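For the sequence shown, the numbering used here begins at 1 and goes up steadily by one.
I should point out that these hints are in silico values taken from the structure, not numbers from a laboratory.
Since the structure is predicted, the reported quantities are computational estimates derived from the model, not experimental observations.
One should not assume that every hint holds.
Computed beta-carbon distance windows for the label pairs [what the hints assert, rightly or not]: (1) SER8 - SER91: 27 to 37 Å; (2) THR169 - LEU30: 42 to 52 Å; (3) SER91 - LEU57: 35 to 45 Å; (4) ASP27 - LEU81: 17 to 27 Å; (5) SER152 - GLY121: 12 to 22 Å.
Calculated pairs, DSS-like style, for lysine-lysine (alpha carbon to alpha carbon, straight line, at most 27 Å) [what the hints assert, rightly or not]: (6) LYS111 - LYS230; (7) LYS16 - LYS130; (8) LYS71 - LYS111; (9) LYS230 - LYS130; (10) LYS16 - LYS230; (11) LYS16 - LYS111; (12) LYS16 - LYS89; (13) LYS230 - LYS71; (14) LYS16 - LYS71; (15) LYS130 - LYS111.
Just so it is clear, CB atoms sit at the ideal spot from N, CA and C, and this is done for glycine as well.
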Amino acid sequence: MSSCNPISTPIDTRSKLCGTSGTPCEDPSLFRSLAGALEYLTFTRPDISSAVQQIYLFMDAPMTSHMHALKRVIRYIQGTLHYGLHLYKSSVSTLTSYTDADWAGFPGTCKSTFGFCVFLGDNLISWSSKRQATLSRSSVEAEYWGVANAVSEACWLCNLLLELHRPLTTATIVYCDNINAIYLSENPVQHQRTKHVELDIHFVREKIALGHVRVLHVPSRYQIADIFTKGLPSVGFTDFRDSLSIRLPPASTAGVY
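From just these sequences and the hints, can you work out the full model?
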């Protein structure tokens, strides 16, 4: 596909993949090989994490629609071939996380997809896009699971920085765009609709009480983690991709031998 027409986003915003759409893929081995290569590429291209995560769910029995989705990712890569994750020198030593969830967005099972990204200063150092293993009975529950996973990742990174003799002196900021999930992280009153996430609730509240974490609200238009949970329009996707520091390399100096 080196001569394919490029496309601006890796995921179609109009529909989502399901396990029964289309006919069986003609060459499942090729599908699995390409999906594995794309999974490896996510180490330096977080912008395709959500698309690859969806494709990976159908490795056992890929359909033609899944192959079309995979080829769409390749078309996107073709148009952004020289893009990559950039890291810059920064004097800021704080952890900032963004977390989001697409509640019941997976066709057929109604399972949710959550994603998060963690910045050390201005540099993206950790990210994830996953389908939740169990059903969430409310959007609050799905969002709170995302918060708990982001807090867990932030705690692991704090311990890693401590072992590297670069301990953090300020609390990790976790941004979430769901007001109820933020209230739940601070309010000790248990709600019936969230009884299945009590362990996560106590875990997050303990970190907040110790001053290790602060969970704050961010408007949806600034929720960078959206890029890890769903397909976005071209303009929004490009803005969030730039916020992740996924850019073209710096222009080379003319006249260098």
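Exercise for review: Sort out which numbered hints this structure fails and list those numbers smallest first.
Suggested key: 12
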